Amino acid sequence: AQSVSQHNHHVILSEAASLELGCNYSYGGTVNLFWYVQYPGQHLQLLLKYFSGDPLVKGIKGFEAEFIKSKFSFNLRKPSVQWSDTAEYFCAVRRLNYGQNFVFGPGTRLSVLP
Amino acid sequence: EPEVTQTPSHQVTQMGQEVILRCVPISNHLYFYWYRQILGQKVEFLVSFYNNEISEKSEIFDDQFSVERPDGSNFTLKIRSTKLEDSAMYFCASSLPSDRINYGYTFGSGTRLTVV
Numbered sequence: 412a413q414s415v416s417q418h419n420h421h422v423i424l425s426e427a428a429s430l431e432l433g434c435n436y437s438y439g440g441t442v443n444l445f446w447y448v449q450y451p452g453q454h455l456q457l458l459l460k461y462f463s464g465d466p467l468v469k470g471i472k473g474f475e476a477e478f479i480k481s482k483f484s485f486n487l488r489k490p491s492v493q494w495s496d497t498a499e500y501f502c503a504v505r506r507l508n509y510g511q512n513f514v515f516g517p518g519t520r521l522s523v524l525p
Numbered sequence: 877e878p879e880v881t882q883t884p885s886h887q888v889t890q891m892g893q894e895v896i897l898r899c900v901p902i903s904n905h906l907y908f909y910w911y912r913q914i915l916g917q918k919v920e921f922l923v924s925f926y927n928n929e930i931s932e933k934s935e936i937f938d939d940q941f942s943v944e945r946p947d948g949s950n951f952t953l954k955i956r957s958t959k960l961e962d963s964a965m966y967f968c969a970s971s972l973p974s975d976r977i978n979y980g981y982t983f984g985s986g987t988r989l990t991v992v
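So the protein lines, in turn, are chains H and P.
Everything in the first sequence is counted per the numbering used here, starting at 412 for the first residue and increasing by one.
Everything in the second sequence is counted per the numbering used here, starting at 877 for the first residue and increasing by one.
Since the hints were derived computationally from the structure, they do not count as laboratory data.
Among the hints, a few may not be true.
[Claimed, not checked] Chain P regions said to be covered by chain H (calculated; three or more residues, Cβ under 8 Å):
{"id": "1", "region": "907-921"}
{"id": "2", "region": "944-953"}
[As the list claims (entries may be wrong)] List of simulated lysine to any residue pairs, SDA-like, C-alpha gap at most 25 Å:
{"id": "3", "chain 1": "P", "residue 1": "Lys933", "chain 2": "H", "residue 2": "Ser416"}
{"id": "4", "chain 1": "H", "residue 1": "Lys469", "chain 2": "H", "residue 2": "Lys480"}
{"id": "5", "chain 1": "H", "residue 1": "Lys460", "chain 2": "P", "residue 2": "Glu879"}
Note that the coordinates shown come from a computational prediction; the quantities given were computed from them, not determined experimentally.
Ideal Cβ positions, reconstructed from N, Cα and C, are used throughout, including at glycine.
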């Protein structure tokens, strides 16, 4: 079935460790790709998005993501995490010419230990 | 920065009761959406609304659900007869069309619906 998958359900890191969260999608055609973050008790916030052009996208709070078209992947990275990065991270895909709505991945919970 | 506002933040309702969740989208946005997130699960698309009509809906959005833009600012989701499994966080979102240069897609803070 066509879907968005995220590799890890829960990731636990120490502060200053490097982070990489995997995201894969199974749709063909042109897509827009997004990473959203949800801090405990808060709403979804956009971290970064990819529409076209440079496949390495930089977002807020030191996050970046790389779109690899051949692998249908859009992995999220941060070189050095902080305790305040503890949150749920959602990858989302919007298929062009298939409407305006998003398909979200199941989410990855990141816990950063101080 | 413009925000999508949702009220109430938390609503408790008895099974079988009707509930209306309210949202005020960003004023120059043209598309409006409802998503839901059952506790511990992923965010799921419910419905999108454009030009005063539903443009897309998922299989979750059955006859128990309806949406309305009763005036120029509010966008509501009504659940006619709530079931226990409707308990979830409901997110409203609004956006410009994707072909606009400043394409934006903004979520509200959510309404936690608890059906008892």
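Outcome of the hint check:
{"no.": "1", "hint": "907-921", "verdict": "holds (count 8)"}
{"no.": "2", "hint": "944-953", "verdict": "violated (count 0)"}
{"no.": "3", "hint": "P:Lys933 / H:Ser416", "verdict": "holds, 22 Å"}
{"no.": "4", "hint": "H:Lys469 / H:Lys480", "verdict": "holds, 17 Å"}
{"no.": "5", "hint": "H:Lys460 / P:Glu879", "verdict": "holds, 19 Å"}
Checked against the numbered hints above, the structure violates only hint 2.
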